[in-house]
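Top to bottom, those sequences are chains H and L.
Residue numbering for the first sequence follows the numbering used here, starting at 75 and increasing by one per position.
Residue numbering for the second sequence follows the numbering used here, starting at -9 and increasing by one per position.
One or more hints might be untrue.
What the hints assert, rightly or not - Which bits of chain H does chain L cover? Going by a derived footprint, with three or more residues having C-beta under 8 Å, they are:
#1 76 to 87
#2 124 to 134
#3 142 to 151
#4 160 to 166
Stated by the list, open to error - With a straight-line Cα cutoff of 27 Å, these simulated DSS-like cross-link-like pairs (lysine-lysine) come out:
#5 Lys123(L) with Lys141(H)
#6 Lys117(H) with Lys81(H)
#7 Lys104(H) with Lys81(H)
#8 Lys167(H) with Lys72(L)
#9 Lys117(H) with Lys141(H)
#10 Lys104(H) with Lys167(H)
No wet-lab data here; the hints were simulated from the structure.
Predicted, not measured: the structure shown is a model, and the values here were computed from it.
Cβ coordinates follow ideal geometry from the N, Cα and C atoms, glycine included.
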Amino acid sequence: MAFHQTKDAGGVVVVRVEGQLIVGNRQELKDLIGAALDHGERKFLIDFARTGYIDSSGLGALVSLSKRVRELGGELRLSGLNEDLRSLFELTKLDTLFAIADTPEQALANF
Amino acid sequence: MTSPLQLCVRRTPASPAPAVATRVRVRMPSDIACIEQTVSLVTRHCLAGTAATDRLRFRLQVAVAEALANAVMQGNQEMPGKSVLVEAELFLDRICVQVTDEGIGFDPTRVPEPDRPEQLTDTCGRGLFLIRKLVDEVHFNEQGNSICMTLRRR
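Whole structure, please, built from the sequences with the hints as guidance.
Right under this line is the structure:
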């Protein structure tokens, strides 16, 4: 499992989650986005198109990051959730907390 | 590198009930870094030789990951000398996975459901809730240090 970070032409930091987002690597994601925030980045997209599963710690990390990004005047969006992953957000009602796009292109189009 | 996991798979009938074909047993150290590998191992053996749907695989992966995280962090308090035992019984129509830690246990009826609006931004407390939503049956032993999850193959 790994996180791949890029930056699009519009200045959005795109993080692709390859593998799982779970208790064992959630801190790595928080550190990665925390470092970008420290460098002044404020727009973030986390893409799950190549993600297997997410556990509750991973969901908690996303909530924590969302709060921190918003506090600094930024925005965090999500994309690429398949039907199973999306069900986790719906069950926990976190689909109401995040802006979720089907694809990264859609998420970036009006960022 | 030698794996810290201990795996035992018994493919002969594990009980007098003819529907029981396989029993899988994995012992894992109290290390969150071992959770992903254990989930992968348990899932692979639970679904081996069956036409499992992606949905069943996903439910099994998340439920086992949650139970392991609870066992390592809440139950065993991540103490290196303690381990977590995963035992799965595979039936034709269902999978039963039991996760047992060496902690003092807890009362699952006292764990609040994280479904109130003001809890939406909580960063923890969704693990047991997700397990209950994703599997068909959940039971705990009396001590509260062992969870048994049943998923029907459908």
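Quick rundown of the hints versus the structure:
1. Under a criterion of three residues with beta carbons nearer than 8 Å to beta carbons of chain L, the stated coverage of the region 76 to 87 of chain H fails, only 0 such residues being counted.
2. Residues of the region 124 to 134 of chain H with a Cβ under 8 Å from some Cβ of chain L number 8, which satisfies the need for three, so the listed coverage holds.
3. With 0 residues having a Cβ less than 8 Å from any Cβ of chain L, the region 142 to 151 of chain H misses the three-residue criterion, and the hint is violated.
4. Only residues whose C-beta sits within less than 8 Å of a C-beta in chain L count toward coverage, and the region 160 to 166 of chain H has 3 of them, enough to reach three; the restraint holds.
5. A distance of roughly 26 Å separates the Cα atoms of Lys123(L) and Lys141(H); the hinted pair therefore holds under the 27 Å criterion.
6. Note on Lys117(H) and Lys81(H): the hinted pairing holds, with a Cα-Cα distance of about 10 Å set against a maximum of 27 Å.
7. Straight-line distance between C-alpha atoms of Lys104(H) and Lys81(H) comes to about 17 Å, which keeps the hinted pair within the 27 Å bound.
8. Restraint check for Lys167(H) and Lys72(L): the C-alpha separation of about 35 Å exceeds 27 Å, so the hint is violated.
9. Restraint check: the Cα-Cα separation between Lys117(H) and Lys141(H) comes to about 13 Å, which is no more than 27 Å; the hinted pair holds.
10. A hinted pair counts as satisfied when its Cα atoms are at most 27 Å apart, and Lys104(H) with Lys167(H) qualifies at roughly 21 Å.
Of the hints listed earlier, those the structure fails to meet are numbers 1, 3 and 8, in rising order.
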